[in-house]
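Participant: Counting with my numbering, you get residues 13 to 495 for the letters of the sequence shown.
Keep in mind the hints are simulated off the structure, nothing from the lab. Owing to the predicted nature of the structure, the values given are computational and were not obtained by experimental measurement. No residue lacks a Cβ here, since even glycine has one placed at the ideal position from N, Cα and C. Please note that the accuracy of each hint is not assured.
If you anchor each label on the Cβ, the simulated ranges turn out as follows [to be verified]: (1) Ser329 - Glu160: 35 to 45 Å; (2) Asp200 - Gly62: 22 to 32 Å; (3) Tyr109 - Thr384: 19 to 29 Å; (4) Val22 - Thr197: 47 to 57 Å; (5) Arg392 - Ser329: 21 to 31 Å; (6) Glu265 - Ser391: 37 to 47 Å.
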Amino acid sequence: MNKTIRRTAVVCLLLVLALLVRATWVQAYQGRALADNERNRRTLIDQYAGPLGDIVVGGSPVTGSVRTSGSDDLKYKRTYTDGELYAAVTGYSSQAYRSTQLEGIYAHILDGTDPRLKNPLDALTGRRTAPGDVLTTIDPAVQKAAFEALGGKKGAAVAIDPATGRILGMVSTPSYDPSTISGTTDGDAWNRLNADPDKPMVNRALRQPLPPGSTFKLVVAAAALEDGLYGSVDTRTQSPDPFTLPGTSTVLENENRSAPCEDATIRTALRYSCNNVFAKMAADLGEDKVRAMASAMGFNDSEQDVPVRAAASVYPSGMDDAQTALTGIGQFEVTATPLQLAMVSSALANDGVLEKPHMVSEVVDAGGDTLTSYEDGASRRIVSSSTAEQLRDAMVTVVDEGTGTNARIDGVEVGGKTGTAQHGVDNSRTPYAWFTSYAKDASTGKEVAVAVLVEDSGAARSEVSGNGLAAPVAKRMMEAALR
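Turn these sequences into a full structure, and let the hints steer you where they fit.
Facilitator: Listed below in structure tokens is the structure:
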């Protein structure tokens, strides 16, 4: 054979071999990555080729699908029942803007492409499989109570079953209807939502940590009792009033200057929300001990999934004594989400044990068979039973006799803590109003933990308080959960 022909044949053989290796590599190793690439229109076409599975609340779907009229490729688009009510739970599924929250996390279940949904014949033929459903832990009555109580206010609320960690309600206001951005021609609606200064698409319940104000005093009190700094909630503290921040000439005063805050017990200090007591307490404990308690309760966790990823609530580090003292009243650089503060009350309500919060109970196939079950009971002990009991008792005093009276429910044990957090340079803007609480009905055994944030109600600055704005919302949610 001619030498030139032999060389040409070898080169051609090598080229064919290289093509085979590349094709094998792309199909066997890169297939999933290419299929999931957001620029792959085939994935989008497959996703909306048929009706999607549903997100279910209280046994009824809050999502649906409708046949489109203007697109041959994208045959179905997502619809939502009470879209504004459940947007903080579902997120959105959009032909143009992809998917978020539960819609995004469980996209392969809901569009039928998850391998667990396919039977052997489907796997061989590549036929579209009937999609599965996502069953949530949300209680429709709690969700509706929170949404209606927040009304036109900018804020958020979360309710948790302390015994199981099940999230019973999660609301963020102002909200939006995901149906308005589910198609391919919704650019105007998308632009309006993104340009809205109130940020309706931000899930304030999970994704916007803000200064928690005096609600954080529960964390500091728990650290002091667990450390043995004070023997009980009725032991007198060493707390001058007014209190000068360590190493400074800055005097920290109390909102109620006539309150009996000098050397007050933890119970009295929670009842009147005494800044001097908890600032001094945090300084005495030191930042490491306060941070350890905060972290045990969920602060500084950057992987807090419910299963939607929550932004980390933060207890800072590297502070001096004055800054540590300010963290004792939930200021300086302390931030928290409503989810996080609901977890604090949930742990105290559950005898000091924190159950992992979650808002999905099961993922099922089209026949209702379970694919994934999210078991209740992923728990960890945060504080001793004695500490939890004492703080619950002190929280009841707050509601019965102190700053949280608007949360009272006849015949029910209710404990809570108010918070009014500074906002803006030198507290120049309207403060945030917080309330975190729990309720137990001895006659039914039902219980619930709640946290409410009112970021802006439009009220005059002098009218902003946790008791005035946030506690009534919490009360409505607790009443709904205990029915």
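Participant: Look at each hint and say if it fits the structure.
Facilitator: Hints, one by one, checked against the model:
Look at Ser329 against Glu160: about 40 Å separates their beta carbons, and that is inside 35 to 45 Å. Judged by the Cβ atoms, the range 22 to 32 Å given for Asp200 and Gly62 holds: they are separated by roughly 28 Å. At about 26 Å, the beta-carbon gap between Tyr109 and Thr384 stays in the expected band of 19 to 29 Å. Between Val22 and Thr197 the beta carbons are some 56 Å apart, a value that agrees with the proposed interval 47 to 57 Å.
At about 22 Å, the beta-carbon gap between Arg392 and Ser329 stays in the expected band of 21 to 31 Å. Range check, Glu265 to Ser391: Cβ separation about 40 Å, and the 37 to 47 Å hint holds.
Consistency with the previously given hints is maintained throughout, with no hint failing.
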